[in-house]
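Participant: Residue numbers (this note's numbering), protein chains in the order written: chain R, 1 to 125; chain P, 1 to 265.
Derived by calculation from the structure, the hints in this document are not laboratory data. Hints should not be assumed to be uniformly reliable.
If we take Cβ atoms under 10 Å as the criterion, some of the chain P residues that face chain R in the derived model are [claimed, not checked]:
(1) 34
(2) 36
(3) 38
(4) 164
(5) 181
(6) 184
(7) 188
(8) 189
(9) 238
(10) 239
(11) 241
(12) 243
(13) 250
(14) 255
(15) 259
(16) 261
Glycine included, every Cβ here is placed at the ideal spot set by N, Cα and C.
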Amino acid sequence: MTRKTLADFNYDYQAYADYLESAECMQDDGIDIYAEGNDIYTPTDGDWRKGHGHRNTRTGYDRDASSERSRNRSWENKWLKYSEELDLTQEEVMFLETFCEYDENIQTAELRVIKSLSKKSRIKK
Amino acid sequence: MGNILKIIYDRTINNTILNLKDIEKILELLVIDRCLNNYILNIDIQQTRSNNLASYSSCTKEITIYIEMIEQMVKNIEKSILDINIFEIMLYKNLSILQVLLHEVEHANQQKIAYNENNLEAFILRLSFLVSSEYDDKLYECCPEERLAEIKSFGQIIDLMGCLNIPLIVLPKILETEEKMRLLRGYHYRNLMVNVPLIDYFNLGDKGEILECFDFLEMSHGQYSFNERLTFGFPISIDEYGGLMRDLVLSLNKNFNNKLNIIKY
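Okay, chain R solo, but in the shape it has when bound:
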């Protein structure tokens, strides 16, 4: 298979962008192995849509592509990842919480927002 084009989606940008993010697109591109920095990814049974293995040469993490844990693992095309998010460490969140508590001008509602961040956590590394 070759990669589908915008025309294949009747010029529906949303559908096309969804496809570009998908394992199906990765499969259509015919990529056997994907490496980025220390991370190496391989498709389950040679098919990205079935899942993927992941090895990290720095940490030693090694999940084989044929492992049950690799099966059905969702894929997001990393080359397409575009992010303009703000990453805050927990240390920064705690600092902001303290900073706001000591700022007499801060509204209670604003402090609540900052505090709620402490509860949210997304493991990135």
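Knowing the structure of chain R, use the given hints to seat chain P on it.
Facilitator: Using the frame of chain R, we list chain P on its own:
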């Protein structure tokens, strides 16, 4: 910039996104407007995959636009902004594409500034060029060229929005938030201190000796305003960092969806 503003306005009022022809036209106008004929020789539009939205090569003097990434960015805007009307979101999408173009044109402009102007920006740029440009996330975040291109291009977008003379409700706040995000890029609170992007950049790039060229006392307490210090990645105080970061976090929380990540190490 009047002609560029007209392209943006016409597209937005017709509820359409800038197309490839518009992108090429805007780049041509920017080259003429900024006298960059010797610094931008070619514009290349590619479909192929990349981690970037666009790029500028000082070797080939070419700007490359990765159209799939632009489409992805536009799609993400739809997902990430809360409570905004149709006109403003379309304007935001088109201004975001323009910002990508302005960012790359600014890289070309940096080549011109670095060797033709006699000011602090030129000095920082020339020293910045000495660090190997090999891609590294942390280095990239602190890189003066990247920070300056982002900050200046967002400043230009905000100025342009002001020239539109249209009452806008949410977009000014959104763009102010985006600008704050760029100003704070590279600054982090760690071990009871706020780091200095410019220092981190040269240290991470194994060019720590370059730091001797800067007077950090002057940078911290001297003639530079808070905004100038942020722009150049100079030292800021914990209070300054806390105040601006608090405003940024609250604004991101109010106006955007999923723009905040809390990282566990």
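Participant: Decide, hint by hint, whether the structure agrees.
Facilitator: The hints, checked one at a time:
no. : hint : verdict
1   : 34   : 25 Å, violated
2   : 36   : 26 Å, violated
3   : 38   : 31 Å, violated
4   : 164  : 23 Å, violated
5   : 181  : 6 Å, holds
6   : 184  : 8 Å, holds
7   : 188  : 7 Å, holds
8   : 189  : 5 Å, holds
9   : 238  : 8 Å, holds
10  : 239  : 8 Å, holds
11  : 241  : 9 Å, holds
12  : 243  : 8 Å, holds
13  : 250  : 6 Å, holds
14  : 255  : 12 Å, violated
15  : 259  : 5 Å, holds
16  : 261  : 5 Å, holds
The structure is inconsistent with the numbered hints 1, 2, 3, 4, 14, although it conforms to all the rest.
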